[in-house]
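Participant: Below, each chain spelled out in residue letters.
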Amino acid sequence: MRSRWPLLVLAACLAAPGGARGADDAATTAADVTEPGRKLDRALDIVVDGSTRVADGPRTLAVLVDPTPSLKSAGFVERFAAALERHAGKLGSTELSVARVGAKDAVVLPPTADRKAVSKAVGDALLAPRNESRNVYADLRTVAGSLAGRAGAREVLLVTLENGDAEDDLEATVAALRRAKARTFVVATETFLSDSYFASHGATAAPRGTSWTGGEAAFHEVPWGWLFQMASPHEEASSGFPPFGLARVAAATEGRVFLHAGPGGAHSCGTYAECLFCTAGDHAPAGDVTVWARLKAVAPLVAPRDEVYAAAAKDPAWRAVHAAWKKAADAGLVRSRPSLDLAGGTAKPSRSTQGAWAPLTGIGLSFPGYATRASRALEASEKIRAELEADLSKIGEADASPRWRAVAELVRYMLLVTRVNLIEYVAWCQDAGPSVAGKKERPLLLPEVATYDDARRFVGVGYGNWSLCHGARPFQELHLPGGPALRAAIDDLDRAFVGLQSRYAGTPFSTALRRAAIARFWPTVQGKVVPPPPRKPTGKDGEDAATPTERPSRGGSGGSDSGPTTGG
Amino acid sequence: MGRVLRTLAGLLALCVAAPSARAAGEDVEALVRVLVGEDQTERYDAYRALLASRPPEALPLLAKALPGAPLIAQNYGVSLVAGYPAAQTKAVHEKWAAGDAPYLKVVGAVALLRAGNAKAAATVAEVIARDDLPPDVMSFCLGQVSGLKDAAVLDAVRGHVRSEEPTGTLGSALWHLANAGDEPSKKLADRLLGSPSAGVRAMAAAFLLRLGDEARAAELAAALGADDLPYDAFSRVYSLLSAGTRLPAPVLDALLGLLEREPQGWSLTLVVDLLGDAGYAKAAPALRKLLERDDTLLSKAAFTALTRIPGGLTPDVVKSLLTGGDDARRVAAAEALRRGDDLAGLPAVLEVLAKGKTSIVRAEAARVLAGFRVRASVEPLLDALSDPDVSVRAAAVTTLESTLRVLYPYRRIDLDAAGYTSGKSPEANAEAMRRVRAWWASAKDAEW
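Order-wise, the sequence lines are chains G and Z.
Heads up: the first sequence begins at 1 in our numbering, then just goes up one per residue.
Heads up: the second sequence begins at 1001 in our numbering, then just goes up one per residue.
Same shape as in the complex, but just chain G (with noise of 0.2 Å):
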């Protein structure tokens, strides 16, 4: 059954946006704009169909296409034919245009109530997508220039499957809209959960004069790069809500956001981890399924920016982030630096957030050493948690943001999940690594046999990934280094787990407990050293190989294919 929901907020909408600062207050979170259910054609219908905002009188409608193979394979070329087709008798006086994001001139064919053309500007606009990292604002900027001069109400549909995450001037997009009075609707698709990963992965250039932002927040939240963490958590946890820049400008125009969702795929208990307790892939979690009002409670702010680094300065909860992030990063635990400077009550972008790990593992065979270091690294993480977790006592449920608790809670656990690695590590260190590497002696008896052959030559230590996805409790079953300690780390590990899982559950912070890992260890051998290719002569001196700006492919978990449980 379709929700009225849409249809009260927009009728209560019918001004031309911009008039009044309502949108921009402080409060509205990403929920506040983002429309339940991911269905194309559902978001098709309320954009295209105006009459429920504008009475009557002359409309334009601006699409601005970004072209992507995903969005082809969509169907939405098909797909929006046929809400025009849909609609027709409710179109009326209003006149379409269509514009093309990266293209020489955005704007490919102007307004026009010639239904057939749209349809197949839309077409042509779609015949050689492309992967492709592309400055969305630049066109939306271009589109609302457009519009200057345009009779009646003024609308933009924005469909962005793959960008909206690389800005260059978020604000001025904001200005440029609300000049030109034009509501703004955009579909995209859902980030990850205060996505650091082009923070904590370099290789993928941003587009000329944009920069990579964080996900569906204002900022980097989390902490990334953890020690022992083949990915970071949240990198791999869907968000529910889309870059904030897009949800920016639709709730700075009073439009709206529409999430769209591919097939939905089987569930995966790791990306880089192996999952030892998965038979055949048949894991169902519990609460992997988002729930809209839990999701709705932990919503990122998307007022302007500025703004959200007041609200972050004053939060208690994120103030008591930052200070174990920052502490963290002293002590090597994490590969980053806070993302904010605090100073006093106010808070800016960090000029540096890149971090170290302390120096665990590598080249050498020196378990006495990594072992005394890794006692360090031990006792400094108590320590950071110790003291986090003093501060999160003091803060009571209403004097903090919900969102940022949650982040704050998601610290400790990784703290925690952190405690469970290093005892291990220091256990590794003290018996299994030594014997496994052939330095300790251990008779064997069948039928086990040694776990490499004496031809191998190790050389340093290496780690790889358990995924926590089942939970801390299973590992209990299992024969690790570490002693009455570890299983004392994993019983605390696994309350807090469940503790959250039941506080988080249908939200992206509740997948993010599920992607950490528990660290197993091995002495790593000599890797034969094999030349590069040839170069192929270019003709061109000098010629460097390109950064990518292919947009990698990214795994993910948590989320539904179907969206928020409310909506149609």
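Keep in mind that the hints are not guaranteed to be accurate.
When the alpha-carbon atoms are kept at most 30 Å apart in a straight line, the in silico DSSO-like pairs for lysine-lysine are as follows [stated by the list, open to error]: (1) Z/K1300 / G/K440; (2) G/K120 / G/K72; (3) G/K72 / Z/K1357; (4) Z/K1300 / Z/K1289; (5) Z/K1424 / G/K39; (6) G/K72 / Z/K1186; (7) G/K296 / Z/K1282; (8) Z/K1424 / Z/K1357; (9) G/K439 / Z/K1444.
Simulated from the structure, these hints should not be mistaken for lab results.
Fair warning: this is a prediction, and the values are worked out from it, not measured in the lab.
Given chain G, put chain Z in place with the hints provided.
Facilitator: Using the frame of chain G, we list chain Z on its own:
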């Protein structure tokens, strides 16, 4: 005949004990004679024996004997021949394609066509286009052309999309055309929607739905609701719809209606499967009622279907199935709980492993135990390594190895190295078991 059977029994025993043993020449002849004979039970035993040993001398014998054999024997023979190297079977297929036995003619021609002989398509089309073949022969022939999109073959298959065709033939033809995504057949199927036969209407509508014509959902739903819909036709509908076709709500409602009506003589597992595959929540109450049925196949199908429906099986409902008389259902319930990280079913699985009345359920319990990965499963698995049945021992050793690999991630355990082989009797494995138990005694309380 008694001598032949004794010989067969001996060969079979030899094959089970030592699969690499080859049948002697004169016994191969005897086996082939039995295979093409009239006795269905002996034919199956002969098939198993020949399958296990695949003696090279069987090939020419089969090539010669099968053309005059009953259809079912030909089918067994075709399966046997397919297991030989292509270089050896080419001559057989050429002989069959040139012969008169229609099914073998198609088998031979299709094999040649798939090997690159495009001219063989004409032979296939010629047989398929015939309208004088018994329905069972035509069904078998149609079963061979799966995946072929040759124009002449498709045209021949389309010739069977007629209201007067026997159910099996029409169903097979539609199935093949659906797999080929054959658009020209849609018009033919459209014409069948006006047939007085509910079965024909149902198959035609299912075919069209499978090809993406969702407007036919209403027609299919109406046909499924007809009192005179035969089960045979429904089974063809099932084949058409079970390839991941999205079933609209009216069709699902009609299937639910079928489930609730329980037509006389029907096996409802196919209906249950479709509802489960669709994740149709409305069917959950009706499916739950089937969980306690005496028909264990039906109750198991209902259970599986409910696991695919969100909220279909609450942990409480599943846990209630852990007790009760049916071991297979208890084990299935335990596995369903385990998928959601609830290990409450472990005691039931361990009990069935130790005391299950049949080797099938004990082996299944051993298999399911692999998903638990807990220390408590090791000793019961060690006991199961000495089960009198080889299938239980095989399942137990596989599970034990995977379990130990998880429980001891920093060690390497190799039961082969200890001398244990599931194919050997418990007595023959005694020394290996002594070593394994000695290791377990030393390792079970070790830190890592």
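Participant: Any of the earlier hints contradicted here, and which numbers?
Facilitator: 1, 3 and 5
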